[in-house]
Amino acid sequence: MTVTTQQLYKVLAEKFGFTRFRPGQLEALTALSEGRDTLAVLPTGAGKTLIYECYGYAVQRPVVIVSPLLSLMQDQVRALNLRGETAVTAVTSLMSFTEKRVVLQHLNRYRFIFSSPEMLTQPAFLTALKACQVGLLVVDEAHCISTWGPDFRPEYLLLGRIRNALGRPLTLMATATATPQVKRDILKKMQLPTAAQIGLSVDRPNIYLKVVKTATEQDKQTQLVSLVKGLKTPGIVYFSSRKTADEVCEVLRQSGVPRVAAYHGGLSADSRYKVQQQFMNDELTVICATNAFGMGIDKANIRFVIHYHLPVDLENYWQEIGRAGRDGQQSIAILLYTPGDERLPEYLGQANIVAEADIAAFFARPRPVADDDPLRLVAFYRQHHLNQEQVIALFASRRQQRRQALATLLTYVNTSNCRRRVVQAYFGEPTSSLSQNCCDQDSPETTVENLHLTAPPTSVLPGDILPWRATLDQLFLGKS
Amino acid sequence: MNKALLLQLLSDDQPRRIRVIENLLVGKRTVSTLYWGLRYDLLAWFGFEKHLARRDVANALNQLVADGSATVTNLVAQLTPTGAIQKHQLAKVTYQPVALSSWLTVARPEAWQGLQLAVQVVSEFQAANRQYYPLQVAFETRQTVKRWFLAQRRPTLAKQVRGELGQFLSAIPEPVADLWASLLVGHQTPGKTVEQLFEMTHRSALELTVIQDDIMTQLVLVTQAAPTSFPVLHELLQAWQVSPISPSAAQTLANYRAGATLSTIVEHRRLKPSTVHEHLLEAAIFLSVQQFPYAKLLPNDLQRAFAQRLTGSIDDWAFDQVSDLKIEFWQFRLYEIMRSKLSDDGDDSTTL
Ligand SMILES: [Zn+2]
Numbered sequence: 001m002t003v004t005t006q007q008l009y010k011v012l013a014e015k016f017g018f019t020r021f022r023p024g025q026l027e028a029l030t031a032l033s034e035g036r037d038t039l040a041v042l043p044t045g046a047g048k049t050l051i052y053e054c055y056g057y058a059v060q061r062p063v064v065i066v067s068p069l070l071s072l073m074q075d076q077v078r079a080l081n082l083r084g085e086t087a088v089t090a091v092t093s094l095m096s097f098t099e100k101r102v103v104l105q106h107l108n109r110y111r112f113i114f115s116s117p118e119m120l121t122q123p124a125f126l127t128a129l130k131a132c133q134v135g136l137l138v139v140d141e142a143h144c145i146s147t148w149g150p151d152f153r154p155e156y157l158l159l160g161r162i163r164n165a166l167g168r169p170l171t172l173m174a175t176a177t178a179t180p181q182v183k184r185d186i187l188k189k190m191q192l193p194t195a196a197q198i199g200l201s202v203d204r205p206n207i208y209l210k211v212v213k214t215a216t217e218q219d220k221q222t223q224l225v226s227l228v229k230g231l232k233t234p235g236i237v238y239f240s241s242r243k244t245a246d247e248v249c250e251v252l253r254q255s256g257v258p259r260v261a262a263y264h265g266g267l268s269a270d271s272r273y274k275v276q277q278q279f280m281n282d283e284l285t286v287i288c289a290t291n292a293f294g295m296g297i298d299k300a301n302i303r304f305v306i307h308y309h310l311p312v313d314l315e316n317y318w319q320e321i322g323r324a325g326r327d328g329q330q331s332i333a334i335l336l337y338t339p340g341d342e343r344l345p346e347y348l349g350q351a352n353i354v355a356e357a358d359i360a361a362f363f364a365r366p367r368p369v370a371d372d373d374p375l376r377l378v379a380f381y382r383q384h385h386l387n388q389e390q391v392i393a394l395f396a397s398r399r400q401q402r403r404q405a406l407a408t409l410l411t412y413v414n415t416s417n418c419r420r421r422v423v424q425a426y427f428g429e430p431t432s433s434l435s436q437n438c439c440d441q442d443s444p445e446t447t448v449e450n451l452h453l454t455a456p457p458t459s460v461l462p463g464d465i466l467p468w469r470a471t472l473d474q475l476f477l478g479k480s
Numbered sequence: 481m482n483k484a485l486l487l488q489l490l491s492d493d494q495p496r497r498i499r500v501i502e503n504l505l506v507g508k509r510t511v512s513t514l515y516w517g518l519r520y521d522l523l524a525w526f527g528f529e530k531h532l533a534r535r536d537v538a539n540a541l542n543q544l545v546a547d548g549s550a551t552v553t554n555l556v557a558q559l560t561p562t563g564a565i566q567k568h569q570l571a572k573v574t575y576q577p578v579a580l581s582s583w584l585t586v587a588r589p590e591a592w593q594g595l596q597l598a599v600q601v602v603s604e605f606q607a608a609n610r611q612y613y614p615l616q617v618a619f620e621t622r623q624t625v626k627r628w629f630l631a632q633r634r635p636t637l638a639k640q641v642r643g644e645l646g647q648f649l650s651a652i653p654e655p656v657a658d659l660w661a662s663l664l665v666g667h668q669t670p671g672k673t674v675e676q677l678f679e680m681t682h683r684s685a686l687e688l689t690v691i692q693d694d695i696m697t698q699l700v701l702v703t704q705a706a707p708t709s710f711p712v713l714h715e716l717l718q719a720w721q722v723s724p725i726s727p728s729a730a731q732t733l734a735n736y737r738a739g740a741t742l743s744t745i746v747e748h749r750r751l752k753p754s755t756v757h758e759h760l761l762e763a764a765i766f767l768s769v770q771q772f773p774y775a776k777l778l779p780n781d782l783q784r785a786f787a788q789r790l791t792g793s794i795d796d797w798a799f800d801q802v803s804d805l806k807i808e809f810w811q812f813r814l815y816e817i818m819r820s821k822l823s824d825d826g827d828d829s830t831t832l
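For the record, the sequence lines run as chains R and F. Using our numbering, the letters of the first sequence map in sequence onto residues 1 to 480. Using our numbering, the letters of the second sequence map in sequence onto residues 481 to 832.
Keep in mind the hints are simulated off the structure, nothing from the lab. What you were told as hints is all true, and nothing was included just to trick you.
Here's a subset of chain R near chain F, in silico, CB distances under 10 Å, partners left out: (1) VAL102; (2) VAL275; (3) GLN276; (4) ILE465; (5) ARG469; (6) ALA470; (7) LEU472.
Beta carbons: idealized from backbone N, C-alpha and C, even for Gly.
All chains should be built: construct the whole structure from the sequences, respecting the hints.
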């Protein structure tokens, strides 16, 4: 099936209300229209979802999107709903039995079908999918298939087989960040060595990069408070632990930062929804979050992203700070570092790595394992016919990769040269000419003031609890 | 669980088993848990904290013991006089549920999710906005709200919902009504989170949850009792009025009432005899004495024999005292349930 450029522009105008594609979008769409499988590496916020949505509308056939996270799927379904597209579903483990039956019976009514690799191995689902002639298979967060990447997900290894079972539909592999090594690995594991490759620079020139080193945890907290109080909002502070996110949120509140809230997986779905909406509405200006926050956040005017803890690697860091400055305005990313901070990501990085002796013991006496057991991965490999030596080798190389990833991140922290150059080298990009406000290493004289990122004085306080009559009037009569 | 909740659930004149309290909160439906829930007068808390972890119970208990508020031997806990005073004082300064005895007749989490979604949908509808993120709720709840909205959709809907909620809330103490309403979500109104209310009011998360559950229960009861005064909310909320008795136990009781003998029920429904007995006990626990066929299941002469031998506090009775009467344990337990309901201290039968 071929699609003309004219048709693509027509869909762009009618469905999205745009007259121009953003960089990378048309290139990817053209490759797909020519029937070429495509690997698209586009930074977060570049509009990669528009590529498959537009293609789906143009060919009038269902699009299947494989996604690694439930929350990500839910966000994408909601975003499509929001634009008025109702023929969308996410076939996930969260679905009740009834819901799943109803959806599978009417699968051909859906234009966009989100799911996970595990779900896609279920025969009933595969059969239903085959019957509705998938127009495009999208592997979202395609870097998850690579054992070289930080977010490796073993179930992604099933995708090559799933693709074959679906009759090898046209495939789009999309990711926001990938080093040259990861790109090669994606194509190899998907068995698509000749796929077209579309890539944009991962650089975000309007984000000023800064690292603040402190001697102690206490200094770090003090630094954070003064940074947050001095910076223009809205902003996000990322933490690796829920507990610290809650604690520091409270410290900020006590220090006179009025509209701050914590966001993490420990909150109820209700509270997470409300915090997110309050942030979108600018009722909250600072969020103390774990990495659960931001996946579906499409807020253009975020001015700062601060990391209170070290992320696990540079890919994750780059992805998280990429939520700042989507509107193109000057923004800032600050990484707080206290010596010893690397112990947490080191621990987290090694947490799922199983020792050689445990692997051997498992192969000698296989047994069922719980979902949160690190041995789950060993069981998964064994189930998919890898032998003991192969599994041991996989874990050994993974351990090595995690160490390497952390070392790279520390290079970013400790470099005495331009930080952006470290990032560009890591992603295998040519070094671009740097903006004047690049980073604290090559323009140390740049201050928050001359970046124009200082906070205007705020006088608005968070909403009080209104009398119930006023609340009801606001809800139902539109009075505020 | 925090120690305030455990303090509330323990007593100074009745030793209580910690595992029973834990199983009640988690909502473990066994006859033993339900029976002791009845004896402790705590049945309403069944399923109040479904994700409760055992170590949280242990932590709360350790704190109470460290404070000198409770003593514990072999996982049986009792409040000290200090603990009893604390409990009393806490009750004076925190919200006390008024619909507690009906909590189990309302599917509270589903009703609350459904109501919030309905309010949001109506609010956005009134604002003529079709582009918004709906609250994420379970499929069945979403379908219920969707059906309701399609049937009720008309230009005056927002005004009607406003009117009915207003009528309900004017009968609730003002500060509590204000808090509850501030949780609702609608057009350009994201609603407050429980954490934010905790920040703003210094009421504990526990108290806020109790308020949320209790007001929701009241709203369901009020609208179901007066459909003509609350036509719109009556339609919405009826889906979440439920029976605390499990469907299979209700079925067994219905069969028995319709004249089937216990052995025919066993045969027809392919159940174990013990399961049928458990069904009857479960039903008896949740129903009032008048609603359950005690006379048929416990003949007069058996009741007389029990009454002669079983005296003193019900909690101290033992099956050994009557086991020579050629009866089974479930009959002994059924008698205990009946007597619990007839004496003042144990009557916690749910209003159905
Ligand atoms: Zn630089």
